[in-house]
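Given chain G, work out where chain P should sit, using these hints.
First to last, the protein sequences are chains G and P. Following our numbering, the numbering of the first sequence begins with 1 at its first residue and continues without gaps. Following our numbering, the numbering of the second sequence begins with 1 at its first residue and continues without gaps.
Check the hints yourself; a few may be wrong.
[Stated by the list, open to error] Example chain G residues on the side facing chain P (calculated, C-beta under 8 Å, incomplete):
1) Ser67
2) Ser68
3) Ser72
4) Leu155
5) Asp250
6) Glu251
7) Gln266
8) Asn268
9) Glu272
Derived by calculation from the structure, the hints in this document are not laboratory data. Every residue, glycine too, gets a C-beta built ideally from N, C-alpha and C.
Chain residues, written in single-letter form:
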Amino acid sequence: MSTALESPAPARSRKARRSAGNTAPTAPTGPRENPFARSGAMLVMGVFTLYFLVPIWWLLVAASKSSSQFTSTNPLWFADMSIVQNIGDLVAYRDGVYFRWLLNSVFYAGAGALLATVIAGMCGYALAKYRFPGREVIFNVVLGGVLVPATALALPLFLIFSQVNLTNTYWAVFLPSLVSPFGVYLARIYAAASVPDELIEAARLDGAGEVRTFFTVAVRLMFPALVTVFLFQFVAIWNNFFLPLIMLRDEALFPVTLGLYSWNSQVNQIPELRGYVLIGALLSIIPLIITFLLLQRFWRNGLGTGSVK
Amino acid sequence: MRMNKRAATVALLSVAAVGLAGCSSADSSPDSSGDAAAAVGDCAPSTGKVDLTFTSWIPGMEDVVAVWNEQNPDIQVAVQTGPNGNGGTYQNFFNQLKAGNAPDLGQIEYDALPNFRVQDGLMDLAACDGVLDAQEDFVDWTWGQVNFGEADAVYAIPQDSGPMAMFYRADLFEANNIAIPTTWAEYATAAEQVRATGGYITNFSQSDINQFAGLVWQAGGTWFQNDGTDWTVDLTSAESTKVADYWQDLVDRDLVSVNPPWTTEWDNAYNTGSDWTWNSAAWGANSIMSGAPDTAGKWAVAPSPQWEAGDAASGNWGGSSTAVFKGSEHPYEAAQFALWLNTSDESLTLLNKSANLYPAAKSGLELPVLKEGVAFYGDQPIYDVFAEASGQVSADFVWGPTMTQTYNDVSDGFKAAVSGQGTLSEALATGQDSTIAALEAQAIPVKK
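If we strip away everything but chain G, and leave its shape as in the complex, we get (with noise of 0.2 Å):
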């Protein structure tokens, strides 16, 4: 059975890789390819890729400027290169309280997706291989969960999170972003498909336990899952804005979004904040396209995941 699920993905991004450079998707139907078609669809794919490169590019050009240039000059064109000065000037400006927010980011995104992931994988293999009653149930409510958006629990959670005296610490942050019913979707649908019984039930016999069995044979099946589950959930809390907003009032503790938000806020009466806005917003995607460029090969494979059952 999970041989049978997992050839075809690697077979299909074979074949989706050979064929990348000269197959428009629009036209899989034969050798003869339709050239109208496949233009269109290059010239849709150009349009995209222009609209959503053309803001990083505008970001690139805009944070290399300095600032009397930065109104004066072309806004999609470098004027002098002083992207080194105002990296300098963000590392000493207020101690470089910015990189802490770097560092605070890439804690609540990397550890909380981490666990995050482990608790949903969890979750997951339970719902798919464990039959117990209100299984079900229990499932349904996760399901209902990825309905309900995570601004709308943001409040609730700061009252919540104020009568055990939590606000403004890390854990109200980092709590909340432990949960991802998406994850645990996806991993009860992943290890229902992708992990034989008889596998398990072989692990019982040679004497492992339910805790081993799930590290040792169960998470290594669904890896391809649990990547997808660790990606969607560091991008969330990476992005996550409302949370840290309203849990957050001690500077040290904020995420990169927050202090940036902080900053932009005060722009038209500070304007030197502008330029550290700027190029504090370029630092701050690297960390996102590292994580992609490792990830992605996972992610591509995930996002496919039970999509063919």
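Only chain P this time, still in chain G's reference frame:
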């Protein structure tokens, strides 16, 4: 399976225990703080060392507070921060007031104070030693912003202010032989002359309604009044309508540019010399400096144009206060800190340096740093103009309890008006209706 059931039961019980523990601790804390609040109703000093929390979004506030902490080992203040008020900090204050963990002190802009007052979030500091006497230390109108016209109440200590004057391109006016306008009528005439050279006399701010309110303030109008219980909404007063019609005429005749404020186009219009003047507040000096760096040395500052020749009235744009929140257990110490923060020379100098704050304290207007000539303005000691303007701001302007909503609604109308749909005074009329509706929706009594 029995194992599972037992595990589930244990889990449920532990969740319930945590929940109960949470509830019980929450139940006990309001009682204790309630007692404390009752005890300090007369604002007595606390005994022993006191720790205060202070939320402000001003970068560099820590450095100012560090000076206080060094001088006052028994009253230690911890700074908390966040985005500016409307960017989220006000909402946080309301959340915290609801949760019972508001900071002792918070920064609140004048236009947001009535909202906190209406929601009963502010502590009246009048009973605290030295607070009522401090009235004479502050510019008169700023005190009116924090006591809402009640003689024996003080809901916050004024921090900074934004008296308005006219920034203008001295070089362009001189080169084109155009007189510096001293009245709004002359300003309109100058606008025609400037337009003839290809420029615009200024930019009409279609979305920053605060500036427009400052112009209404200068004209002697007010948008709200409160007689102690009932609110009156007056966006369509004669003064307000007069100001709206004046700018409508300039917009209609294409004598002012209408770039959205605080954008790069807007900066660029000043940087390239296309816009010639800006009717702005003291803190705006730095905005031009950084937005229009190529024009260094070419600017100057003159008093705002007047509605009647010979008048001397000024408006205000911006400014904030330091408030003590309901629930603070140490209002006396909090008030002492707030007074020091906003009147002492060392604090005001630091605040001006780190955040361009223009003080609300009279002594602050005489700070050496505010007496110097500024190179960007041709070495003119520009803050003398603002110090004079500060004394000419009317004390009668009152903000409403739902300013965010009012700003948004008027701004929507203004944006439509500058693109030719409707007029500015119609936008004010719409804002008037929607503000009354918003007040009524919050069960705030409105007089019609």
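Hint by hint, work out which the structure violates, then give me just those numbers in ascending order.
Going through the list in order, the structure violates no hint and respects every one.
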